[in-house]
Every structure is written in C-alpha cells, then in structure tokens.
Amino acid sequence: MGAEGQFWAAARLLDDAGSNRPARHRVEQQRSPIPVGRVGALAVSLGIGLAVAHAATGVAAASEGETESSVTSAGSTTQDTDAPLAGKIRGAKRSTDTKAETDADSATTADDETAAGPRRWHARFEGPRRAKDADVDESRDTDVVTAGTEQSADSDEVAVSPVTTAPRKRLFARVPDPAPQTAPAEVVSLQAPAATEKATALSDTLSDTTTPASSPVDDALLAYVRRLITHTLFNKTPVVRSVTTEQIVTGQVVIRIDAYDPNDDPLTYTIEQPASGGVVVRNPLDGSFLYTPTTPVIGNPRPVEFTVVVSDSSVDLPGLLGLLHTVARVIGLAQADTYRQTVAFTVDPLVQLPPSLLATPALPYVVKSDPVKLLSAAAIVDPDSTQLQSITVSIAAGKQIGDVLGYTAPSGSVITPVFTDDNRTVTLSGLASLADYEAALKAITFSATKLGLATRAIEITLTDEQGVENLVPAGVLLLLLPAIQFPPSLFAVGGGPFRLGGDPVKLLSIAEITDADSSSLQSVTVSLGAGKQTGDALSYTAPDGSQITASFSDDNRSVTLTGPVTLAEFEAALKDITFSATQLGLGLRTVNVTLTDTDGNDSLLPATVAMGVLPAIVVELPLTVTPLGTPIHTIGKPPVKLISSVLIANADGGNLSGATIVIGPGRLSGDTLTYTAPAGSTIQVSRPNDWTIELTGLASVEQYTAALQAISFSATQVGLTRSVTISVTEEDGDTSPVPGVVFANTIAPVRPLLTLLSLPATYTLGKSGVKVAANVEIGDLDSTVLTGATVKISGGRQAGDLLSFTPIDGNPVSATWNGTDTLTFTGTATLAQYEAALEAVTFTATGGAGLLDTRTVTIDVVDDSGVGTLLPATVLVGVKNPDRPTIATVGATFVKVGNTVKPITSATILDTDSTMLTGASVAITAGLRSGDTLGYNAINGNPVTAVYNTSTGVLTLSGTATIAQYKQALEAVTFKATQLGVLPTRTITVNVVDDSNLSALVAGLVLTTVSLI
47 MGAEGQFWAA ARLLDDAGSN RPARHRVEQQ RSPIPVGRVG ALAVSLGIGL
97 AVAHAATGVA AASEGETESS VTSAGSTTQD TDAPLAGKIR GAKRSTDTKA
147 ETDADSATTA DDETAAGPRR WHARFEGPRR AKDADVDESR DTDVVTAGTE
197 QSADSDEVAV SPVTTAPRKR LFARVPDPAP QTAPAEVVSL QAPAATEKAT
247 ALSDTLSDTT TPASSPVDDA LLAYVRRLIT HTLFNKTPVV RSVTTEQIVT
297 GQVVIRIDAY DPNDDPLTYT IEQPASGGVV VRNPLDGSFL YTPTTPVIGN
347 PRPVEFTVVV SDSSVDLPGL LGLLHTVARV IGLAQADTYR QTVAFTVDPL
397 VQLPPSLLAT PALPYVVKSD PVKLLSAAAI VDPDSTQLQS ITVSIAAGKQ
447 IGDVLGYTAP SGSVITPVFT DDNRTVTLSG LASLADYEAA LKAITFSATK
497 LGLATRAIEI TLTDEQGVEN LVPAGVLLLL LPAIQFPPSL FAVGGGPFRL
547 GGDPVKLLSI AEITDADSSS LQSVTVSLGA GKQTGDALSY TAPDGSQITA
597 SFSDDNRSVT LTGPVTLAEF EAALKDITFS ATQLGLGLRT VNVTLTDTDG
647 NDSLLPATVA MGVLPAIVVE LPLTVTPLGT PIHTIGKPPV KLISSVLIAN
697 ADGGNLSGAT IVIGPGRLSG DTLTYTAPAG STIQVSRPND WTIELTGLAS
747 VEQYTAALQA ISFSATQVGL TRSVTISVTE EDGDTSPVPG VVFANTIAPV
797 RPLLTLLSLP ATYTLGKSGV KVAANVEIGD LDSTVLTGAT VKISGGRQAG
847 DLLSFTPIDG NPVSATWNGT DTLTFTGTAT LAQYEAALEA VTFTATGGAG
897 LLDTRTVTID VVDDSGVGTL LPATVLVGVK NPDRPTIATV GATFVKVGNT
947 VKPITSATIL DTDSTMLTGA SVAITAGLRS GDTLGYNAIN GNPVTAVYNT
997 STGVLTLSGT ATIAQYKQAL EAVTFKATQL GVLPTRTITV NVVDDSNLSA
1047 LVAGLVLTTV SLI
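As numbered in my numbering, residues 47 to 1059 make up the sequence shown, in order.
Keep in mind that the hints were calculated from the coordinates and are not lab data. Any given hint could be a false lead.
Claimed, not checked - Below, in silico cross-link-like pairs of lysine to aspartate or glutamate (EDC-like), each with a Cα-Cα straight-line distance of 16 Å or less:
1. K683 with D828
2. K552 with E748
3. K488 with E881
4. K838 with D906
5. K414 with D645
6. K948 with E1017
7. K838 with E885
8. K926 with D899
9. K813 with D959
10. K496 with D416
11. K687 with E558
12. K445 with E505
13. K488 with E505
Said to hold, decoys possible - Between beta-carbon pairs, the in silico distance windows are:
14. V295 with S804: 37 to 47 Å
15. T587 with E748: 14 to 24 Å
16. V373 with F940: 22 to 32 Å
17. T676 with T900: 44 to 54 Å
18. I377 with A269: 20 to 30 Å
Just so it is clear, CB atoms sit at the ideal spot from N, CA and C, and this is done for glycine as well.
Take the sequences, apply the hints, and build the full model.
Written out as structure tokens, the structure reads:
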C-alpha cells in the first residue's frame, strides 16, 4: 500500500523473471484461449468451484510503525525445504548500494510505465514463484507490498526472514501501478487481521475512494460456478420454518410462509389452487400469499386447503450436470429440489344470518282438559344454514303453577328434550335438519290446571348450527278457556223387586254415568234412604282384576266404591251391587247414589231410584222395557248407537220371542235404522222399511238386550227430535203394555279448516316439479278422518301445466289428474295422512314464464261428513325461465414444448337453479397450432367423459354430473404443444352446460404460454 493508499496487484510482482525489469513492470503477452471442450469446461468448473468452496479469503492490512511482516502461503513450497517460504520485508536501514540500485530501478520503472500505456489490474495468488527473492532498496520511489517473494531486475539474492505460523489462508491483493511521483517508502507489514479488526478493515477499504471495484463479471462467474457445483452434488431441500395465516376484514386470508434454502439458492413458489374454490396468489412485494374466496363466505366456516411447492431448482442442469445431479440424488449425496407445503385453514364467515320461525298456536285450550299440541304449524327459515342445533320453548308471560309442556319424539328423531322450570321450559337439542325441528316443535304439548289471565305467551328461541340465535325470540299467544266444572251425573233404574225370603237382587238395572269434563270418577257412594228397615243390606263383590275397593257402613246399608277408574268401570260396579231385606216395611226403599269425579266435583244432586220389596206371595207383574240412550247424529257421519242400555223386566221364563223398533214422530226422509247382529246371536232381523226393524226368535232377555244395543241411527237432514219406540214380546205372546221410548237428535257437521303455511313456490321451466304447498295444516272439530281432497289450477292456467302426485308408502290416499286443471284425491285417511299427501303435490309447466304468468292454485278437502272447507285455501305458483350457469376460471401457466400442463388452475361454477350439469367445453380459441392437444383422463367415480377435436382445438366433456364433479373434471384437463408458434400464448376458453341446456353467458378464460426452455 502506497503513501496515497493505492493497492497493487500482487500478481504483477510475481511474474516470471525473464524480463530485464521488475516483474510488476513487465508487459504481459496477450494469449488466445485454448479450447478445452465441454468435458474440460466441466472439469475447470468443478475444480474452481471446489477450490472456492473450501477457501477462505485473506485480508491484507498495513499499519504504520511496523518494521516487518510475515506471510503464510497455503499450499505453496520452495526449493529450500529446510525452512518455510518467506519474503524479506524491506527494513528501515538498507545499504547504500542497495538504495542506489533501487533508485535506478525506480527511474527505469517510471519511464517504462509511461511508455506502457494505461495500467492494468491483475489478481494473482500470493506466494513465491522462485526460491530466492531479491532485495529492493527502500529508497525506491515506489511503495511495494510483498506477499511471499519479490524479485529485482538485477539480483537473484533473496533475504529470507522467519515465517510465523498462522492459519492456512490464501491472500489476495490488488495493486495498481505506482504514479510517477510517490512519497518516500514506508515500512509496511502484512498480517492476518484479528477477528475484531475485520469490520474496521472492510469499512476502511470500502470508504477509500481510490480502492478499485471488484470485477462484477469475475464475481458473478465465481458465484455461479460455486452455486452450480453445490446444487449439482450437495443440494439440500428447502426448509419451511413456519406458516401463519391471518384473515382480514375483506374476508381474504393472508398466508406467510417462512422458508429458506440451506444452500442459499433462490427459491421459487408454485401454487396448487384449492379444490374447494377460491384463488391463491403470491404478493411479489412482501412474498406473502393471499387467498380470495370465489364467493363470499356466509353461514358455515369454509375449510380451505392448498399446496405450495417450494423449489430451489431454478438452476437448469442440462446434459451431464443433470445426470450427475440425478446420481447424487439417488445415492443420497444431494436432496430433493422441492418441498411441498400443505396450507390448511378455515375462513370465518363475513356474516352469519339468524334463523327465523313462523308459527301459529293450536286451538284454545280448555283448562284441565287433556294436553293439546302447542303449535298447529311451524315453518323455520335460515338463509345460510340447513340445520339447527337447539330450540328452547318456554312459557313466558302469564305462566301459572300447573302449566306443563310435554314432548313425544317423532319416529326416528334424533332430537332430545330437556325440561326445566317445573316443565314450563323445554330445550330440544341435537344437530338436525330444519324439517326435523319443525316436526319436533309440532310434537310439543301443553296443559294447564289454572286459567290465570286466559293467555300464555310462548317464547321460542332457535340456535342454528353456527350458534347464531334468532334476533328476537319467536312468540305465539295461546288462548285458554275456563274449565267448565261439569259435575258427574247418573241415570239409573232400580232393579228388583226383592221378594222376602228370596235371593238378593241387583240394586240397579241401569246405570249410565256422564261427565262432560272428566273421563273417570274418584268415588261413588250408594246408600238406602227413605223406607229403610232393620235387616236391609247392600253387598258388593268386585270382579277379578277390578281396581275398585268397597267399604261398608256398620249396618251394611251404605257402601262407598273408591277408584279412580273410568266411568264404564263404575257403571259395571254399580250394577253389581245387590239388595236384600228381612222386613216388608212400606214395600219400597229409596236408594241414593252420589258421584265424585277426579276433579273433586260431586254430582249436584244424588241420583235416586226406588227398590220394591214384595211379600212372599207370588204376584205376576207386567212385561216392561226401559231403554236408555240420547243419540245425536251428525249429518254425513257414520250411524250412532241408538240405545246405550235397556232393562227388560218380568219376562216369563226369562225369554222373549220378538221386539219391534220404529222411528215415530219427527221422522224425516233419510232417517235410517241399521242393525249389526252380535256375535253368536240367533235372533232374526227384518227391515220392512228404513225406519223399522223387527227382531224375531226365541232367545233370552240378555240376548235381546244385546240385540237392541246393536241398533244404530242415522239421518240425512237436520230436523226436530225423533221419537223411537221399542216394544218386546214374551214367549207366550204377551207384549209390553207400555213401549220404551228413545229420543234421537241430528246436527249439522262442522266444516274442516285448511291452512297453508308456506311461501309462494316458483317453478323453473325444464326443471323438476316444485312443491305447491310445502306446509299444510288441517283441522276438524268433529272428524278425525277425511275422504277426499282436490288441488286445482284455478287461475292463470297455461297449456302444458301439470299437477302431479307420487303415492306415499303406507298412505292410503291416491290421486288422479283430469288432464286439464284438477288433481283429485280419494281414500279414507287421517288428517295427518292427507296433510302429507297434499304437501307432496308438485307443479310443472312447459311455458308461460314471467311475472304476469303466475298460477293460482286452490286446495279443498272433504271430511267423512261429506263437507268441504268453507273457503278453499289458495296458493300462488310462479313460473320463470331457467338461469344460466356462470363460470370463473383461474390459470396463467407456462409449459415447455413437448411437456404437459394443467391450464385450468381453478374453476368456480355457480347455477342458481341447477345442481347438475350435462356438458362442458374447453377450446383453444387463439394461438392454436398444429400439434396442440387438450386431454382428459377419466376420474374414478366421476361420470364425465371427453372427446378432443384436433382440427377445431375443442375438448368436449359430456355426462350428467354434479357441479363439483364438473369442476374436478375441468381442473384435470391437460394441454400439450409440439411447437412454439408465431404467438407462444394460447388462449383457452371454458364453458359449461346445465340441465336446462343453457351455457354460461361469459365463458371462463385462461392463458397458457409455450416456451422452448
């Protein structure tokens, strides 16, 4: 380093000493390169690369005040093998001869450099080229830095100084030719800088404006060779340290992949687009990746998974290098060039819409009556969910102690109930469809024991599968009617009479209990009243299996029967009580019967009957018939039983020979008596007309009693009360002097009520039929079955309109189409079965689409009385033309001639009214060249097939398949080119055809560029 801070190339000082002047002044001969061939070039590259890879760069530093330096040259030797190679550094004191010689050389040097033209820079390995170095006088006008040896022009003597041991390093220096005028020589020493001095030395060198710049060509060449060798033989697979994702406010997701290459090779990233839709691109500014959903994510979170291929194979290894790389990979010396990183995350929805409920309450509930359905109709709507996870139903305002919600799970339901708040709140839970929860809501029942404010506010909270609740709880108002505390009543006819000295007789021959608001009794008390005598006794023997218990008073003249049991069981128990007496008394005993129902209501007045007591003298009594019955027939309904019970007394021998039943005063045309013979009966029947029945044949009183109870009454008109007389005849021909009488009444039927709880349907031309009414509710106060229904297009009908019905398994309802406008249902079935049948009706059309072409459809039902609804239900059905599908494609690929690429990275297909496609096309519409080929390999389980037309460049896909299957097929299409063409870029258009034979209005577009490399 000179006084002005200049650097000189050590190589200039190490040239062969064949010149008369110092080596650094010798003009080098220009030499032509020697051709070495590809193998030679490879050898040179490998050698240089390995040398660079295993070498450390030395740093030369000069410090003032030092008088000597030591240099170590790794890998060099001299002819003197007894001592290390060293160059002697000029000291501060030199001989006069040497100094003069140096001055002479300096002058010569100045002249030679002036003549030699511009100075040149050379890089050489520092080290000795000869065994001896010549001394150079320090008085020369040029500062010289020696590294190893220096040879003068006129001396072969070399002063050798001891070489200090140092780490083996190669030292490089760049030395400029000195300027004509230089400062006096200064003492310079060379040493390997300490580790702490490297940064300072480098900073000083970089800040020195006179320091020459490195040759960019040399640096680039050395770096390329080193990288080529490392990648060929010692490549390491790229490493991914971490993957992070962040969703931003727009709904997009930013993905950051922290990756590096152990060989410091540049990395490239190839994105394999997600199969679930959406597009991933790489941000060239910060290297992050951005996922954009094809459609906004609402409702359910959307799982996304795609793959990024991280590669360090940007170095092209042709020919022998590629072969060496492959061999290195096989033997494990080199690792794979690529690393596949799978990125999986979930995109949260931008918005989650709440569910909603449209519900109607059941008919008013009568307090203390049997439980009734809480809701008559329930329709759940959720735009972004198909399932709910729970519903909570609670009695809010007006609830009373004794209010109870019940639930009986529908068949096959997975929904489970949990009751709280004394059964006034029920939570239905379990992931299930909206339809399942609608059925569950309609299975909830309500009952109450108190009227309260005569209303109950029912609150219903829905929670969908995303955990979103309805904004405001749905509410219905249930009306309650006060319980009419009807007391129980008894119609009874005394038995007997009892003949003194005879066997006990039945106390009651007829016992009919009625209770308008209760179907069971708690207890019945029977006691003897006026006329009772000492010795009178009541007795009761319970039948086997009876739950009634009997308790008697001390004198056995009173008995209490205790349940609770049904009215019929108490009726049978009353007729099993017997009476006996030991005294005649007045010949008559009164019997009082008091009833108490399960609500604690007693009969208003005790029922009173008379029991006769006869002396032991035999007296023949007249034949009597006492029928009991209050038949009320609803016009159009099945016949009702005429007589509920009958007492026939004083028949000779306990047998009868005949009976006559006639509708008398009040009879109208259409009044009819019918008879169904009891099993095993021998009594003959004849019907002279519709209103008369004659029974004949010798039979017991019991058999005639059963026969009379098998007679029914019906009418076709509502009129006044009919009187029906009953006469019986004994075995000896005597007839009852006074016939028994039953009064029959008729009422008009109650019409059924039909409610449609569904939004107007819309039919798309060419599609499958749409349901006319998705939610039908039928109510009938006096019928549990229907016999028919009609669905009619009553307005806006067009040619080609059709109503259809597919029979339902287990449902007896059938339907016929009249070919124009009416679908008629027949078959006796329950209300629920007709609801299911009407909900299954579908509508199709062949034309007449538009806002003004709405069809009006009316629905009516007929109950078992033959009457329909007062006002048929009406629903509207719209008709529209089918919507076209839409397709969006992503793809900008590059492919080498002869290679294959998938041009469609991602395809997103939408169709608002179709879930199926029937075809698709992939066409090269611009840049088509001979040899261009679009291909498709059939996918297992995917029905799509393809045919390619080489002349048109169109790949035609066909087969009816889902949108997802066509997306999969399109993304599997391949492209291959055999020539570059005038325009290397091929424009490929993609279109699809739905099941309405409509294609997308705007086709998808992708670009594929063909290259030679």
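Tested hints:
no.	hint	result
1	K683 with D828	holds (9 Å)
2	K552 with E748	holds (15 Å)
3	K488 with E881	holds (13 Å)
4	K838 with D906	holds (9 Å)
5	K414 with D645	holds (9 Å)
6	K948 with E1017	holds (7 Å)
7	K838 with E885	holds (14 Å)
8	K926 with D899	holds (9 Å)
9	K813 with D959	holds (8 Å)
10	K496 with D416	holds (13 Å)
11	K687 with E558	holds (14 Å)
12	K445 with E505	holds (11 Å)
13	K488 with E505	holds (14 Å)
14	V295 with S804: 37 to 47 Å	holds (38 Å)
15	T587 with E748: 14 to 24 Å	holds (19 Å)
16	V373 with F940: 22 to 32 Å	holds (28 Å)
17	T676 with T900: 44 to 54 Å	holds (53 Å)
18	I377 with A269: 20 to 30 Å	holds (27 Å)
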